Amino acid sequence: MKAVHFLPALAVTVLLSSAALAQPMSGGAGEAKVSAPAPALAPTVTPSPACVPGGLIEAFSEGAWYPAVALDQLRDGRCFVHYDNYGQDDDEALAPKHVRSRR
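As numbered in mature numbering (1 follows the signal peptide of the UniProt record, and there is no 0), residues -22 to -1, 1 to 81 make up the sequence shown, in order.
Some hints here could point you the wrong way.
Simulated restraints, written as ranges between beta carbons of each label pair [stated by the list, open to error]:
id	residue 1	residue 2	range
1	G65	A14	16 to 26 Å
2	F38	G65	43 to 53 Å
3	A73	A14	28 to 38 Å
4	S79	P15	34 to 44 Å
5	S13	F38	16 to 26 Å
6	G41	G65	15 to 25 Å
7	F38	D67	12 to 22 Å
8	V23	Y64	16 to 26 Å
9	G32	A73	16 to 26 Å
10	Y44	A14	43 to 53 Å
Think of the hints as simulated: they come from the structure by calculation, not from any bench.
The model shown is predicted, which means the values in this text are computed figures rather than measured ones.
Glycine is no exception: its CB is placed at the ideal position from the N, C-alpha and C atoms.
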């Protein structure tokens, strides 16, 4: 990454690299430290028990329940579904509250 700092009557170009950014600065009490990014958090949504890949489900979309097949349980708790008698372009990821077992 290249950063350009403009000072009065002087332009100073500083080349920054990720390795340089990760190194602690030397120099006493005001030393800045770079910490590792926080780990990804677990999903805060409880997945639908009906969302089992290949399972026959009903999916709520656009105000109605439609017959569908669960394709995959996503990491964020949503269920990726394929609607019966619709094309793949209509497949979508739904929140757990929009997926239930077929009745």
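>> Taking the Cβ atom of F38 and the Cβ atom of G65, is their distance within the range 43 to 53 Å?
In response: 19 Å, violated
>> Verify the CB-CB distance for Y44 and A14 against the hinted window 43 to 53 Å.
In response: 44 Å, holds
> Would you say the C-beta atoms of A73 and A14 sit inside 28 to 38 Å of each other?
Replying inline: 31 Å, holds
>> Just to be sure I understand the hint, the distance between the Cβ atoms of S13 and F38 should be within 16 to 26 Å; is that true here?
In response: 42 Å, violated
> Within 16 to 26 Å or not, the Cβ separation of G65 and A14?
Replying inline: 44 Å, violated
> Does 16 to 26 Å hold as the CB distance between G32 and A73, or does it fail?
Replying inline: 20 Å, holds
> Are G41 and G65 spaced within 15 to 25 Å by their CB atoms?
Replying inline: Taking Cβ atoms as reference, G41 and G65 lie about 20 Å apart, which means the hint holds.
> Is 12 to 22 Å right for how far apart the beta carbons of F38 and D67 are?
Replying inline: 19 Å, holds
> At the C-beta level, are S79 and P15 separated by a distance inside 34 to 44 Å?
Replying inline: Roughly 39 Å apart at Cβ, these two residues keep to the hinted range, so it holds.
> Is 16 to 26 Å a correct range for the gap between the Cβ atoms of V23 and Y64?
Replying inline: The hinted range 16 to 26 Å holds for V23 and Y64, with Cβ atoms some 25 Å apart.
Violated hints, in rising order: 1, 2, 5; the structure is consistent with all others.
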